[in-house]
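Turn these sequences into a full structure, and let the hints guide you.
Residue numbers (my numbering), protein chains in the order written: chain Z, 1 to 535; chain L, 1 to 299; chain A, 1 to 318.
Hints should not be assumed to be uniformly reliable.
[Stated by the list, open to error] Computed list of lysine-lysine pairs in DSS-like fashion (alpha-carbon distance at most 27 Å, straight line):
hint : chain 1 : residue 1 : chain 2 : residue 2
1    : Z       : 239       : A       : 81
2    : Z       : 144       : A       : 50
3    : Z       : 535       : A       : 177
4    : Z       : 239       : Z       : 194
5    : Z       : 377       : Z       : 313
6    : A       : 81        : Z       : 204
7    : Z       : 313       : Z       : 362
8    : A       : 94        : Z       : 137
9    : Z       : 225       : Z       : 489
10   : Z       : 239       : Z       : 75
11   : Z       : 194       : Z       : 137
12   : A       : 50        : Z       : 137
13   : A       : 94        : Z       : 206
14   : Z       : 239       : A       : 177
15   : Z       : 31        : Z       : 206
16   : Z       : 377       : Z       : 293
17   : Z       : 363       : Z       : 293
18   : Z       : 194       : A       : 50
19   : Z       : 194       : A       : 177
20   : A       : 177       : A       : 94
21   : Z       : 194       : A       : 94
22   : Z       : 535       : Z       : 234
23   : A       : 81        : Z       : 234
24   : A       : 7         : Z       : 194
25   : Z       : 513       : Z       : 535
26   : A       : 51        : Z       : 144
27   : Z       : 206       : A       : 50
28   : L       : 126       : A       : 7
29   : Z       : 234       : A       : 50
30   : Z       : 204       : A       : 94
31   : Z       : 31        : Z       : 225
32   : Z       : 31        : Z       : 75
33   : Z       : 377       : Z       : 31
34   : Z       : 239       : A       : 94
35   : Z       : 137       : A       : 51
36   : A       : 50        : Z       : 293
37   : Z       : 313       : Z       : 489
38   : Z       : 234       : A       : 177
It is worth saying that the hints were derived from the structure and are not from the lab.
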Amino acid sequence: MTPLRRSVRLAALALVLVLALTLPVPAQAPKSGGVLTIHPLTAPPSLSPHEESTIATVQQVSACYSNLVYFDPAKKQESIDTVIPELAEKWSWQDNYRNLVVLLRRDVTWHDGKPFTSRDVKYTFDVVRGAPDAPVKLRINPRKLWYENVEAIEAPDPHTVVFRLKRPQPSLLLLLASGYSPIYPAHVPIADLKTTCVGTGPYKLKDYRPGEFVEYVRNPNYFVKGRPYLDGVKWVHIKDRSTQIAALQAGQLDVAGSGWNRTNAETAKKGKPELTVIESDSNVNDNVLINAKRAPLTDERVRRAINLALDRKAYLVGPRQGAATFGGAMQPRPSGVWGLPQAEVGTLPGMGDPVKQKAEAKKLLAAAGYGPSTPMKLTVSTRALAIYVDTASWMVDQLRQVGIDAVLEQIETGVWHPKMTRLDFQVALNLTGTAVDDPDAMFFENYRCGSQRNFSGYCSEEIDRLMVEQSQTLDRAKRLKLVHEIDRKLQAEGARPILGWGKQYAVYWPRVKAFPQHENSIFNVSRLQDVWLDK
Amino acid sequence: MAQVRALDVVADSQILPIERPRGSALGRFARKKPLGAAGGILVLLLVGTAVLADVLSTHDPVRTSTHVLVAPGADFWLGTDNLGRDLYSRIVHGSRISLLVGLASTVVGTIIGGLVGLISGYAGGKTDLLSQRVMDIMQALPILVLALVLAAALGPSLPNAIVAISIPIVPRAARVIRASVLGIRELTYVESARALGARHVRIALRHILPNTMGPFIVLATAQLGGSILVEAALSFLGLGIPEPYPSWGRMLSIAAAEYAERAPWLVIWPGLAISLAVFGTNLLGDALRDTLDPRLRGS
Amino acid sequence: MRGYVTKRLLIAVVTLFGMSIVIFSLMRLAPGNIVDILFESAGYVDQADKKQLERELGVDRPLAVQYARWVGEVARGDLGKSYRYDMPAWRIIKPRLPVTLELAFLALFFSILLGVPFGVLSAVRQDRPLDYVLRVLSLAGLSMPAFWLGMIIILFFVRALGWMPSITYVSPFVDLKANLWQFMVPALAVGYRSSALIMRITRSAMLEVLREDYIRTAWAKGQRGTLVVWRHALKNASLPVITVVGIEFAFLIGGLVVTETVFNLPGVARYLVDAILLRDYPVVQNLTMFIAVVVVLANLAVDLLYAWADPRIKYEKA
Chain Z
1 MTPLRRSVRL
11 AALALVLVLA
21 LTLPVPAQAP
31 KSGGVLTIHP
41 LTAPPSLSPH
51 EESTIATVQQ
61 VSACYSNLVY
71 FDPAKKQESI
81 DTVIPELAEK
91 WSWQDNYRNL
101 VVLLRRDVTW
111 HDGKPFTSRD
121 VKYTFDVVRG
131 APDAPVKLRI
141 NPRKLWYENV
151 EAIEAPDPHT
161 VVFRLKRPQP
171 SLLLLLASGY
181 SPIYPAHVPI
191 ADLKTTCVGT
201 GPYKLKDYRP
211 GEFVEYVRNP
221 NYFVKGRPYL
231 DGVKWVHIKD
241 RSTQIAALQA
251 GQLDVAGSGW
261 NRTNAETAKK
271 GKPELTVIES
281 DSNVNDNVLI
291 NAKRAPLTDE
301 RVRRAINLAL
311 DRKAYLVGPR
321 QGAATFGGAM
331 QPRPSGVWGL
341 PQAEVGTLPG
351 MGDPVKQKAE
361 AKKLLAAAGY
371 GPSTPMKLTV
381 STRALAIYVD
391 TASWMVDQLR
401 QVGIDAVLEQ
411 IETGVWHPKM
421 TRLDFQVALN
431 LTGTAVDDPD
441 AMFFENYRCG
451 SQRNFSGYCS
461 EEIDRLMVEQ
471 SQTLDRAKRL
481 KLVHEIDRKL
491 QAEGARPILG
501 WGKQYAVYWP
511 RVKAFPQHEN
521 SIFNVSRLQD
531 VWLDK
Chain L
1 MAQVRALDVV
11 ADSQILPIER
21 PRGSALGRFA
31 RKKPLGAAGG
41 ILVLLLVGTA
51 VLADVLSTHD
61 PVRTSTHVLV
71 APGADFWLGT
81 DNLGRDLYSR
91 IVHGSRISLL
101 VGLASTVVGT
111 IIGGLVGLIS
121 GYAGGKTDLL
131 SQRVMDIMQA
141 LPILVLALVL
151 AAALGPSLPN
161 AIVAISIPIV
171 PRAARVIRAS
181 VLGIRELTYV
191 ESARALGARH
201 VRIALRHILP
211 NTMGPFIVLA
221 TAQLGGSILV
231 EAALSFLGLG
241 IPEPYPSWGR
251 MLSIAAAEYA
261 ERAPWLVIWP
271 GLAISLAVFG
281 TNLLGDALRD
291 TLDPRLRGS
Chain A
1 MRGYVTKRLL
11 IAVVTLFGMS
21 IVIFSLMRLA
31 PGNIVDILFE
41 SAGYVDQADK
51 KQLERELGVD
61 RPLAVQYARW
71 VGEVARGDLG
81 KSYRYDMPAW
91 RIIKPRLPVT
101 LELAFLALFF
111 SILLGVPFGV
121 LSAVRQDRPL
131 DYVLRVLSLA
141 GLSMPAFWLG
151 MIIILFFVRA
161 LGWMPSITYV
171 SPFVDLKANL
181 WQFMVPALAV
191 GYRSSALIMR
201 ITRSAMLEVL
211 REDYIRTAWA
221 KGQRGTLVVW
231 RHALKNASLP
241 VITVVGIEFA
251 FLIGGLVVTE
261 TVFNLPGVAR
271 YLVDAILLRD
281 YPVVQNLTMF
291 IAVVVVLANL
301 AVDLLYAWAD
311 PRIKYEKA
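Structure, rendered in structure tokens:
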């Protein structure tokens, strides 16, 4: 062929090549069908999210319910910017964030066919906030405090709800978007919701066997047309971790990883390299409760010595197997929205050179009157569960290295919270997971005077005041500054030292598509309406 | 209740007052019962390890390190666990716990049970009837289930575990001793002692008790192995000895739950330790039973 | 004989009654009651709410009243309500029963299949190498913790052979092959240990019988060895063996508890452990009572069988 023809040909080839490499590959179209088998953290204590505080319930029941608003499953970092409508079509803040007006969708029915109206919304939140005229009183109500700021809830017409607040609170919307805030049906006795689920969500409950599985089937009348893609979802509980791994590898589970650590994920992948492993940050942290009201912890030097003795780097390698991040009371950046700057985090007690910090701890203890001949006796309490016991055993060893005669006390389920609430402990290792990465949830639950989850009994009027102030601050930059100020103070006082923030894992087969994983929560991501199977 | 049970093969037979073997009894025993001797050696090994635990360990069993889940090698003879603790040293120190709990619960259980059986068998009549029923009640549940419920009721701690394990032993010990006492009670020399006016307590202590020693020793050795197994099962289920005492049973529970595939040594070695310890006591117990009970020689 | 039977029945009833008191009291001994557990999963404790809840569940009534209520329920056959899951205990136990029953049955089957022939063999070849080997093997089986044997088996089967049964229970009526695939290995694990016990007892019983005079007479008369063994000896040794199989049940149940946990079988025994840890009083009480009833009934059945077979008792004067 002629040289011209040849160069034209080459140019055309080059063009095609360039286009092929630079044009985006068209995404696969989601396929309908299939049942997703997924492994939860553990079997749920009940099916009622408003009465529990464990991920086990929320993750296995989110498929059945809907919220007013939710966090976008596709956006990894949850924040006010990723809140999307669900049962709410539109909402607007009025009177300087003091009233929230929500306009509801009109095309929603409950799984039993009854229509969804504003009455259900008012009912749900009146019950949860413990309103004096609420039709039902919840026997167990862990999140009453979230809605303390709500003065009244009005339902002027079947598709409008108004939340009237006592003071401005922009973060209320985030609380409503949490997996812990689904809307309950007003026409179903609330006691029934512990063992069954009547919701408006993408899946209907098919069968619930306590301790074994929770099974869902597609809701054909779901208000989002074309969803869900799956025919059903089955949450199957296997008690033994290595059997979970084996079941995933054998293909009997499509998704696993809830509650796993890095070694588990690596083991699963090693056996079956085709598996996808997603490791993300999470807003669950290991923290130490120090009871400042009990000797010898009344001495500030002793409290600081304990904090210094716990080498965070060793914590990373040992109990966490390399999978943790460090921060203050709010989840560290970049995955957390409100975390302290990393440079500051590096100066917190326990983060520095372990040799120097342990030496300093010993000096503090000596100043407080303890030494090799008069060692301090200390009991470290924790829950009688494997993950707690491991980390607590590590803690005991660290304390022994600075000359403290520490022993471990394992407290059984059911006795733990009463004991903590009574402040019947010296030092305790605790795990805290908060539903939403927002100071309104984190600070109020764990540090507010008198909060039921404030286990170390910490109480400071000044911090309380600052907490309320940041909750009403509308300017984001200003609010961030206030939050950092609070966090700094909390770390300096060392009432509840944070050992580290953990990671979460999702391990699944490549045929599972669009499985959501957020990096600053584990609680708000299990609706599963966009997940599909490529079979 | 039914005449024949595992231990009743010993108990209901008449036990004649035998002479204590003298001289090189140990030598004769080892030659006649090589399996028993092997068992004896294993038991000695267990006791020796427990006593010399500090000397035999290579590391501090409680000390965590950054060498997490390391395979067995020169540094860590049997590898490390998920907190970087040396498995070999933990197993060596675990022998202390197993031996301590096993011995303590066996001793407590067999002594209490033995006393009940002695009084019950000797006194007869209403006392016997009543205590028999109580023993039946205690025996109506399998050992593990009873120990589980007790351990849950009392809470996980070392002394509570000993109590929980010793209680199921009491009725079994009582039954064995009672049967033995019943056999001896009717013997002529005991009757003559009574005729001569000796007090009951004196008869019980001087004539009857020494002759129940045989079955008692057999019972104790058999129960020792059983106690070690029950403790392991309790710890495995989460109700036994708590941290930081290294307990073989608990080592297995955590290993099984998390790292069995990644670190099989965590599963193999503690279990092997338990099995060898119990195997030794069982072999020894079998051989002792054969030696001390002439009627069953050869079985 | 009738006197014997009546006496045994009476004893069984008294035992069960005493057992009920013991079980009831034990559960109440534990620190932390069911209300604490309910709050635990909510992550906090509120004293006022707690008292209210205790009142609703009837946990605040005097113990004697609670006991009386429970006995009344048992008499009516009411299995009570799980405090934990807020549903009738029967609803939770019912799907789990076939699992435990199948496992127990298969395990018993294996234990007899292995234990009796080996016991006979061991007795007949007494003190020969085969006897020693069998005795060591059976003693090894009794010395291993049941759960450890299970773990080792899983390690071997899963890793080496890739055995992975269904993670949820498959009924034999739905898919027999998958069901057996699921149950064979755990049944063997439990059965091996039980078979060790049966082997030892069979051996002892056989040895005793073989020494009896009428056996020697039969040999002296020139009857063939095997015939003598199987016809005379086994028949007479069978009684103690049957006795042990009955007692075995108690031993088996202990094995079931750990085996169901290790092999992830959703059975009643595993649920018992969970319920104990969760302080679910009604469930624990009823299940433990159920086990006691089974054990007592098994013993009673064996006693009666013994009475019927042993002429000394059969013909005694009341």
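Check each numbered hint against the structure and report the violated ones by number, ascending.
8, 9, 10, 19, 24, 27, 29 and 33
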